[in-house]
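The chain contents come next:
There are 2 protein chains.
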Amino acid sequence: MHLTQAITRGALLKADRKALHCGDKSLTWREFAGRVARLAGVLQDLGVTAGTGVAMLADSGFPFFDYHYAVPWAGGVMVPLNTRLADAELGYILDDAEAKVIIVGREYAERVPALLKLAPGVREVVMIDAPPSGDVPDYETLLAARAPVPDVRRGGSDLHAIVYTGGTTGRPKGVMTSHANLVANTLAAIPNMEFNEDMVYLHSMPVFHTAGIARIYGTMTALGTGIILPRFDMDALFDAVEQHRCTHLLLVPTMINRMLNSPRFASTDFSSVTNISYGASIMPEALLKRVLAMLPKVRFTQSYGMTELSPSAAYLQPKYHVLEGPNAGRIKSIGQAIHTAEIRIADDADNEVPRGEVGEIQVRGPMVMQGYWKQPEVTAQTLRGGWMHTGDAAYMDDEGFIYLVDRFKDMIISGGENVYSGEVENALHEHTGVRECAVIGLPDEDFGERVHAIVVPHDGVTLTTAELLSHCRSLIAGYKCPRSVEIRHTPLPLSGTNKILKRQLRDEALAGKGPTA
Amino acid sequence: MHLTQAITRGALLKADRKALHCGDKSLTWREFAGRVARLAGVLQDLGVTAGTGVAMLADSGFPFFDYHYAVPWAGGVMVPLNTRLADAELGYILDDAEAKVIIVGREYAERVPALLKLAPGVREVVMIDAPPSGDVPDYETLLAARAPVPDVRRGGSDLHAIVYTGGTTGRPKGVMTSHANLVANTLAAIPNMEFNEDMVYLHSMPVFHTAGIARIYGTMTALGTGIILPRFDMDALFDAVEQHRCTHLLLVPTMINRMLNSPRFASTDFSSVTNISYGASIMPEALLKRVLAMLPKVRFTQSYGMTELSPSAAYLQPKYHVLEGPNAGRIKSIGQAIHTAEIRIADDADNEVPRGEVGEIQVRGPMVMQGYWKQPEVTAQTLRGGWMHTGDAAYMDDEGFIYLVDRFKDMIISGGENVYSGEVENALHEHTGVRECAVIGLPDEDFGERVHAIVVPHDGVTLTTAELLSHCRSLIAGYKCPRSVEIRHTPLPLSGTNKILKRQLRDEALAGKGPTA
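If you're matching them up, the sequences are chains H and Z in order.
For the first sequence, this note's numbering gives the first residue as 3, with consecutive numbering after it.
For the second sequence, this note's numbering gives the first residue as 3, with consecutive numbering after it.
Some clues are possibly wrong.
If several chains are the same, the list does not tell them apart, and a pair holds so long as it fits within one copy or across any two.
Claimed, not checked - For lysine to aspartate or glutamate, the following DMTMM-like pairs were computed, each having C-alpha atoms within a straight-line distance of at most 20 Å:
1. 20 with 401
2. 321 with 196
3. 16 with 344
4. 20 with 399
5. 291 with 326
6. 16 with 354
7. 119 with 109
8. 16 with 401
Source of the hints: derived by calculation from the structure; they are not laboratory data.
These numbers come from a predicted model, not from an experiment.
Extracted from the complex, chain H is given alone in its bound form (with noise of 0.2 Å):
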């Protein structure tokens, strides 16, 4: 099976109904595939063959949707781009993915000569809604002016994308997933996501993204309409559930968090919704059982996963959330393996703990990527002994179910983004007047979790939080920015083998020792 048969199958079974709406437009599945066609002959034409590495830089609309299918039907390889990051950090990705094209929305158009210096291996340069200019191309002239070209049939064992997350050496790591990665969580999405062709989905997630990606297959393969937000907005969600009478949604935490609290909720039609999955962060008991009881008929999905996993490995059904009767009581898991999945949890040397201890969640399955680009010691590691090594700590129960204890990456999860501790004291590290610091990830009622910087300054340094801020802000995405810093002149505690007590840090700052910003 070829992901891009979800366009053929879509224009011979539905070609005059609707496959995408955003903002005032929509397209036919007829419309929409032809788009797909002609922009893989657009990139034809620019140098894209087997294997050639197509960045995209935009927000969410119809061109990322053409994106997702055309640059496999051309016989290229995905790099989508999170607009939150740096240039620094974009550059870098583009040079090491050795991309050769980008696509980029208007929005970001000032961006462009900063990237192309940082990555000089990307040669071409495609602007959607660009302002006339003789020099880039236009993305819709483009694609109206190009004859459309056969689908070469990219799958399998193809790379399919290179998507990068951050990484706990410091450097963003590009996890290479296959057609057959997002083929087999395509299938498993399906039932447990309770897709079919009937439905109205709700694209809210960043499409660069694991989840947006993989949701955006799962949708269309159920041949679903599907309603686009350009970024995520409470009240642009509001009105598109109301107009489109949106059946399927996938949100984050923090997205639910503030669509409880808004006061527009009350007041907003929710009777479409039938189904709202969710994953990406630790869902908090309270907040769960509050959406339960606000809406009550909705069938929710917990997905536990991460990019390395094409996103997801378990799932926690709908008929598990629930607060009485014989399936209570397993909300505060994150569900089961998948029936595409096994999920073990295992010690230290990889031997499978018994159920109730606590060790590492390791995942083998079609969903498991095949590496790290250019990265093959990390790959080995992480895949050793033909597990994926997720890093997260749990405990099964003996019916299978799967409880997050705590992870053993260095990584904060805030509003459903990932950071690496890592990547953030390395920003800091770089700043002259730092001699030691720890980044951390503290409770936070909104984002699930916020970073929180603790910084030693070198003697007879001043350092200010404004200043650190900035600092970070011209090297990272502003996401991955402290949110608070505690500035400490006392050096930072040390284990035995001389790492930074970061429990202790965290258990500190939980007690509200020292100063926080």
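Assemble the complex: chain H is given as a structure, and chain Z must be docked to it using the hints.
Chain Z only, in chain H's frame:
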């Protein structure tokens, strides 16, 4: 993903809950997993290693379910045998498939010596429920004594089974299906058949047939509970539906017809039944309308396929099983391509024909068999251009609904069983008194089609219907033998290329010409 994962996952998530029930016995998932791992050990003790053919000749029951998982678990290849075939046919299959081990149900014990004579390559026989004897090991005794072995994790393009179907050239052909074929079928069936872990599925189809095999993997991967009928029997079906509160049934049209015609139908409680899937032969529209009226709350799905498609490529979804509203008018169709399949209607030169024109149904996708065992030329012809040539004539409408028109293959489908005319003609020709013969299908209210023979004896020879039928029964399965015979003394009509004009013979028989016995 591995088919055997269902067993490991079932033992993990539903260890002490019911996996299977047959007669008055049940197995939990833990017990069933234990049987599979122990039978795999028994098979390995008998010499089964990667790719060894393991045949089974038995009615449905726990051993046949063990077999479906233990053979791949041990590394072997399944060669399930149709219990209705004659010794000559079974011997040919065992020999052709190079099976080394055969597991035999007690009811077929007396056939073993004849089969071993025809297939000397079969080295080991395991008897189910065998009378005490020093010669042949008993299945349950072997199982109980053996320690479980680890799953060898056969998967992907590894050969899963050789399933024999009748052949147009007169000899059964072994259809080679891979693990990936069955995984693809399983992942497509779960959402389309609405399988889930709370269902109670009635395994009423023969488990040596492709549909029965596929349903085992589909329902067990979904972690449903299975109720096993050893043989199809209307009273047993009514009893099982009531006793076990079955939710999902798979029936061929002949069975549905008999079910509705049974005096027990009206008094049986069908309120537990939510889903009925059907297929294997053309569903008469009148029968479909009748069952829709009699079971108005049941969701029906039609499946179109064949052994070579593992077996499904198109489904007619429940929502099209209506007589009114916007989805009406589709019940004459066999449905649309499932999300994993590509289907086209093509002419003799393999060019797609315009919508509405009749051509051959051709299928591409992960469900298409690997080929015919040891028949590279027929394989190349059937799979030419990467498309499976089904031999079924149909047209497609503007929304991809497919309407069957005829079969190109010289095949009769009687009560869901395929009967190739060539096989029956071969058997008739082995009678020394037969000069010419032709075998055709005639409409039959109960079986859909029935096998009808037109025989021309040699000059001076007197043939009787009884003599011809007795002759046929010694060579081929009873269901393949003609149900009616016309003996005529004039040459059969021939086409310009000297092919017997079967369509003309069929028209004559329908018009009542010529004596039929």
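Hints and how they fare:
| no. | hint | in the structure |
| --- | --- | --- |
| 1 | 20 with 401 | between (42 Å within a copy, 14 Å between copies) |
| 2 | 321 with 196 | both (13 Å within a copy, 15 Å between copies) |
| 3 | 16 with 344 | between (36 Å within a copy, 15 Å between copies) |
| 4 | 20 with 399 | between (44 Å within a copy, 19 Å between copies) |
| 5 | 291 with 326 | within (12 Å within a copy, 41 Å between copies) |
| 6 | 16 with 354 | between (48 Å within a copy, 19 Å between copies) |
| 7 | 119 with 109 | within (19 Å within a copy, 79 Å between copies) |
| 8 | 16 with 401 | between (41 Å within a copy, 6 Å between copies) |
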